[in-house]
Amino acid sequence: MTRYEQAAAGAVALMLVAAGFIFLFAPTDALQGPVQRIFYLHVSSAIAAYGCFGVVLIGGIGYLWKESAAADRLARAAALVGLVFTTVTLIMGMIWAKPIWNTFWTWDARLTSTLVLWIIYAGYLMVRRLAEPGRQAARFAAVVGIFGFIDVPVVHFSVTWWRTVHPGPVVINDALPPEMLIAFLITMACTLVLAAVMIAIRYRIEYLMDQAAERIVAAPIAAPSEAGSAR
Amino acid sequence: MTYLVVAYVFAIVVLGGYLAWSLRRVRELSRRQ
Chain D
391 MTRYEQAAAG AVALMLVAAG FIFLFAPTDA LQGPVQRIFY LHVSSAIAAY
441 GCFGVVLIGG IGYLWKESAA ADRLARAAAL VGLVFTTVTL IMGMIWAKPI
491 WNTFWTWDAR LTSTLVLWII YAGYLMVRRL AEPGRQAARF AAVVGIFGFI
541 DVPVVHFSVT WWRTVHPGPV VINDALPPEM LIAFLITMAC TLVLAAVMIA
591 IRYRIEYLMD QAAERIVAAP IAAPSEAGSA R
Chain L
106 MTYLVVAYVF AIVVLGGYLA WSLRRVRELS RRQ
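If you're matching them up, the sequences are chains D and L in order. Under my numbering, the first residue of the first sequence is numbered 391, with each subsequent residue one higher. Under my numbering, the first residue of the second sequence is numbered 106, with each subsequent residue one higher.
Errors might be hidden in some of the hints.
Computed, partial: chain L to chain D, Cβ under 8 Å [to be verified]:
1. V111
2. A116
3. V131
Have a look at the derived ranges for each label pair, beta carbon to beta carbon [unchecked claim]:
4. L566(D) with R137(L): 45 to 51 Å
5. W126(L) with V555(D): 31 to 37 Å
6. V560(D) with R130(L): 34 to 40 Å
7. Q138(L) with F547(D): 19 to 25 Å
8. I117(L) with W495(D): 21 to 27 Å
9. V118(L) with V544(D): 28 to 34 Å
10. L571(D) with V118(L): 24 to 30 Å
Note that these hints are calculated values from the structure, not bench results. C-beta: ideal position from N, C-alpha, C; glycine also.
Go ahead and model the full structure; you've got the sequences and the hints to work with.
This is the structure:
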């Protein structure tokens, strides 16, 4: 078992602990019933996505400042993981919305700004995939990653800045009973560990891919006589 | 209850699937090196 597999197994074990708190420890919501348990992973995934995009921001600044390949790799890794968590947040939110709001989607400020966040980082990854690898692509992506982060506080404060259907902050407003708060904090901590492990694994993939690309560039081109004899 | 199950099954498939896929990718790339 490699250290990445060990880390992944540890993160999965922590998520199982979180599942125990969500389904066995936290009480059932009196108003919404069992469906309210979606809250724990829905909000934790959103926070994990914010964290990932924060890492993209730091990686982008690091690249523009020092032209560090490691910073660029870190940004690339965190962008993909952040996109995965944003997808989970959006879809879980939509599934939760159906029985509560009687619709999967509404063009509410929180939902719309989260969708915009998803599009920004999907665009970031598309830039990385389509552009010729090199300094220009890394610089352009770093700028997209830095400016894209502007949407994170917009998503977070959308529920206080505008009138929305989406509920406001429940943790800061002390709106959760203690058992629900404990279950939420444990789920959030476990999800953040999972996100960190995912970033570390993705960073390794990016590193190995960069190494492979460098080997292709550095490979000696066959001499004309050798090429001729090969024909 | 159905919505709760669907939501968590989706999350497990996406997060678990991504984790498994990335571990496989690391193994493949490491072997190639």
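| task | If any of the earlier hints don't hold here, list their numbers in rising order. | result | 7
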